[in-house]
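One rule links them: number in the working numbering = place in the sequence shown (from 1) + 50.
One or more of the hints may lead you astray.
[Said to hold, decoys possible] If you anchor each label on the Cβ, the simulated ranges turn out as follows:
no.	residue 1	residue 2	range
1	LEU379	HIS455	52 to 58 angstroms
2	ILE427	THR269	27 to 33 angstroms
3	ASN211	LEU413	22 to 28 angstroms
4	ASP254	ASP325	27 to 33 angstroms
5	GLN447	GLY302	27 to 33 angstroms
Hints were generated in silico from the structure; no laboratory data involved.
Cβ coordinates follow ideal geometry from the N, Cα and C atoms, glycine included.
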Amino acid sequence: MVRRTWFKTTLAAAVAVVSSPVMANGLAINEQSASSMGTGFAGRSSSVLDASTVFGNPAGMSQLDRTEISGGLALIDAKTDISDATGAFPGSNEGDMVPFTPVPFGYFVTPLNDRWHAGFGIYVPFGVISDYENAFQGRYYGEYSSVRVVTFQPTLSYKINDRVSVGFGPTINRIDGKLTRAVPFVPPATPVALPDGRVSILGDDIGYGFNAGVLVDVTEALSWGLTYRSKVDYTLEGRTKVSGFPVAALNGQYDAELDFTSPESVDTSLTYEVDDQWTLYGGLTWMRWSRLQEIVVENDAAPANLATVREEQNWSDTWSFALGASYQLNPSWVLRTGFAWDRSPTTDTDRTVRIPVGNRRVLSFGAGWRLSDDVTIDAAYAYLHEDTAEVNEPAYQAEYRNSAHGLSTQLTYRF
Numbered sequence: 051m052v053r054r055t056w057f058k059t060t061l062a063a064a065v066a067v068v069s070s071p072v073m074a075n076g077l078a079i080n081e082q083s084a085s086s087m088g089t090g091f092a093g094r095s096s097s098v099l100d101a102s103t104v105f106g107n108p109a110g111m112s113q114l115d116r117t118e119i120s121g122g123l124a125l126i127d128a129k130t131d132i133s134d135a136t137g138a139f140p141g142s143n144e145g146d147m148v149p150f151t152p153v154p155f156g157y158f159v160t161p162l163n164d165r166w167h168a169g170f171g172i173y174v175p176f177g178v179i180s181d182y183e184n185a186f187q188g189r190y191y192g193e194y195s196s197v198r199v200v201t202f203q204p205t206l207s208y209k210i211n212d213r214v215s216v217g218f219g220p221t222i223n224r225i226d227g228k229l230t231r232a233v234p235f236v237p238p239a240t241p242v243a244l245p246d247g248r249v250s251i252l253g254d255d256i257g258y259g260f261n262a263g264v265l266v267d268v269t270e271a272l273s274w275g276l277t278y279r280s281k282v283d284y285t286l287e288g289r290t291k292v293s294g295f296p297v298a299a300l301n302g303q304y305d306a307e308l309d310f311t312s313p314e315s316v317d318t319s320l321t322y323e324v325d326d327q328w329t330l331y332g333g334l335t336w337m338r339w340s341r342l343q344e345i346v347v348e349n350d351a352a353p354a355n356l357a358t359v360r361e362e363q364n365w366s367d368t369w370s371f372a373l374g375a376s377y378q379l380n381p382s383w384v385l386r387t388g389f390a391w392d393r394s395p396t397t398d399t400d401r402t403v404r405i406p407v408g409n410r411r412v413l414s415f416g417a418g419w420r421l422s423d424d425v426t427i428d429a430a431y432a433y434l435h436e437d438t439a440e441v442n443e444p445a446y447q448a449e450y451r452n453s454a455h456g457l458s459t460q461l462t463y464r465f
């Protein structure tokens with residue numbers, strides 16, 4: 051027979067990751083701009099460096115004098131060490147389950163007149179991928195996870211006066227994911243070890259939200275910005291497939307559905323131009339992760355014990371902060387650096403093997419090279435280090451130590 055508790059947890063937790071379009075922490079991704087990455091994303095809502103302000107603060111488009119096309123790619127190389135692992139089942143704990151990952155982005159902004167600007171952006175705001183080895187000791191709580199959200203954002207900004215601008219853009223968000231998990235098969239009595247069964251979940255949906263902002267030049271040297279990113283409602287539809295069990299009646303495929311609301315966030319920051327060379331940045335971000343309290347999965351035509359599956363998540367709202375600085379070395383080159391601290395939305399009690407994140411610190415360095423009045427190249431490097439994070443599942447416990455290197459490049463063309 052299949053241990054029903056394990057089987058239910060498999061379905062609920064696997065879909066939980068599909069439904070959480072939210073790696074910032076949790077599953078949110080910060081890498082939507084190489085120019086902002088150089089300062090640790092400090093000042094993202096109060097400084098206008100290029101067309102990537104479509105994401106950072108839509109109101110910033112009003113400060114761009116010409117049409118701009120800006121696009122780039124971030125590369126993330128993550129490392130995970132697993133230690134002190136114990137559990138009810140044997141297995142390995144190799145770690146390093148996150149493959150080398152590219153994150154693309156692109157933006158366009160053009161002036162319509164002296165007050166109105168239009169633009170759009172394509173970027174990846176949320177995502178996760180992990181691929182444990184087949185013999186992973188915690189495989190009954192997670193084996194493979196791949197989730198991605200791609201957002202398209204048409205945007206307008208309006209310059210109210212010389213000091214105040216506002217911006218708004220609806221977001222069209224597509225989420226898709228695939229997750230697998232092992233399930234132990236325990237017959238009534240046998241001395242022979244039997245292979246694990248598998249649960250595989252596929253799901254996708256399109257959800258709609260918006261990104262809005264205000265940008266104020268408080269003085270000639272000081273700017274303040276505020277950006278609000280709305281919640282997004284999803285109804286994921288897909289397939290729950292159970293396979294690999296020697297008893298055929300245990301295998302099957304069911305239509306799966308769940309409702310999920312991703313969290314809204316508020317980003318506020320200050321940018322202060324000390325002089326012609328030095329600029330300082332500071333920012334705070336709040337994210338309403340407390341929306342993720344539980345996952346409810348409805349499996350159509352499934353056996354009674356699988357028709358409705360629930361799993362508690364118990365995530366909490368988070369605050370993060372960032373500080374940064376830039377130095378204009380000469381008319382062609384600007385150097386940047388920044389530091390960010392980001393709190394984990396989960397705790398040692400509720401953390402899972404799929405999302406084993408802890409409190410994180412990020413140190414960034416970057417540079418911008420203005421080749422001409424029309425072309426700028428930006429590049430940034432960031433090192434991320436997390437506090438030790440404990441996973442305490444009923445039959446698997448371990449300590450995770452996560453770190454990552456990030457590299458981003460971006461090209462901006464003006465005409």
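Hint-by-hint comparison with the structure:
1. Remark: the range hint 52 to 58 angstroms for LEU379 to HIS455 is contradicted by a beta-carbon distance near 25 angstroms.
2. ILE427 and THR269 have their C-beta atoms about 31 angstroms apart, which keeps the hinted 27 to 33 angstroms range intact.
3. A hinted range of 22 to 28 angstroms for the beta carbons of ASN211 and LEU413 is inconsistent with their spacing of about 38 angstroms.
4. A hinted range of 27 to 33 angstroms for the beta carbons of ASP254 and ASP325 is inconsistent with their spacing of about 51 angstroms.
5. Remark: the range hint 27 to 33 angstroms for GLN447 to GLY302 is upheld by a beta-carbon distance near 31 angstroms.
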